[in-house]
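Let the hints inform the model, and build the full structure from the sequences given.
Chain by chain, the residues run as shown.
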Amino acid sequence: GENVEQHPSTLSVQEGDSAVIKCTYSDSASNYFPWYKQELGKGPQLIIDIRSNVGEKKDQRIAVTLNKTAKHFSLHITETQPEDSAVYFCAASKTQGAQKLVFGQGTRLTINP
Amino acid sequence: ETGVTQSPTHLIKTRGQQVTLRCSSQSGHNTVSWYQQALGQGPQFIFQYYREEENGRGNFPPRFSGLQFPNYSSELNVNALELDDSALYLCAQRGTAPGELFFGEGSRLTVL
Chain A
1 GENVEQHPST
11 LSVQEGDSAV
21 IKCTYSDSAS
31 NYFPWYKQEL
41 GKGPQLIIDI
51 RSNVGEKKDQ
61 RIAVTLNKTA
71 KHFSLHITET
81 QPEDSAVYFC
91 AASKTQGAQK
101 LVFGQGTRLT
111 INP
Chain B
1 ETGVTQSPTH
11 LIKTRGQQVT
21 LRCSSQSGHN
31 TVSWYQQALG
41 QGPQFIFQYY
51 REEENGRGNF
61 PPRFSGLQFP
71 NYSSELNVNA
81 LELDDSALYL
91 CAQRGTAPGE
101 LFFGEGSRLT
111 VL
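Note that the protein sequences, when read in sequence, are chains A and B.
At position 61 of the first sequence (counting the first as 1) the number is 61 in the working numbering, and the numbers step up by one without a gap.
At position 96 of the second sequence (counting the first as 1) the number is 96 in the working numbering, and the numbers step up by one without a gap.
Bear in mind the hints are in silico, worked out from the structure with no lab data behind them.
There may be inaccurate statements among the hints.
If you want the footprint, here are the derived chain A segments under chain B, 3+ residues with CB under 8 Å [claimed, not checked]:
hint : stretch
1    : 17-30
2    : 43-55
3    : 86-95
In silico negatives: residues of chain B with every beta carbon more than 10 Å from chain A [to be verified]:
hint : residue
4    : Leu-11
5    : Ser-27
6    : Gln-41
7    : Ser-86
Ideal placement from N, C-alpha and C gives every residue a C-beta, glycine not left out.
Dropping the structure here:
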């Protein structure tokens, strides 16, 4: 089955700097790669996603890149702000059949003022 | 705001008891899935329901069961609770684009 590895497990950056979180996946049939942000005591919030027919996607300060050949994808956050502090999860799935998201282990991002 | 509502938000049970967790959605989609998130881990897929039938299950034993109702609300039932069942249980509804999943805030279960 699918396996998703996520690095780093913790990341601390100065406010205004960029943050990058990386994930690798094992199943070449996976074609959908969402990123979730989870704040303390809340459920995961979908912040951006990318599909296998696209190499990069941007939404304001957030961007995601996908390398299908290497089976890895990354989240980039620019001009970080204190409210970006949270745990971020990558995930992978196939969009056909049962919708089973396989998550990475999470990255705790801390933005230092 | 995802429009996915879960109840209760917190509950405490003892080992061997049974628990029922509930989920509803403002939009009412015909597909709902449940995930278990242990402390410090990513969510793990338990199962998915489509039009009131289970159509996918993760690596969870049969004591984890579910129901989906005609109004597309859903329940997760766990029998014979074990200490390791302590976790945040998340309900997710599909979005309009393929693959999109939106989660509720979860029900935090503590088993003593």
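Against the structure, the hints:
Three residues within the 8 Å Cβ limit are the bar, and the stretch 17-30 of chain A against chain B gives 0, so the coverage statement is violated. Only residues whose C-beta sits within less than 8 Å of a C-beta in chain B count toward coverage, and the stretch 43-55 of chain A has 6 of them, enough to reach three; the restraint holds. With 4 residues bearing a CB less than 8 Å from a CB of chain B, the stretch 86-95 of chain A meets the requirement of three and the coverage assertion stands. With a minimum CB-CB distance of about 15 Å to chain A, Leu-11/B clears the 10 Å threshold, and the non-interface call stands.
No Cβ of chain A approaches the Cβ of Ser-27/B within 10 Å, the least distance being about 15 Å, so the stated non-interface status holds. Consistency note on Gln-41/B: stated as away from chain A, yet its beta-carbon is not over 10 Å from all of that chain's, at 7 Å minimum. For Ser-86/B, the condition that its CB be more than 10 Å from all CB atoms of chain A holds, with the nearest at approximately 16 Å.
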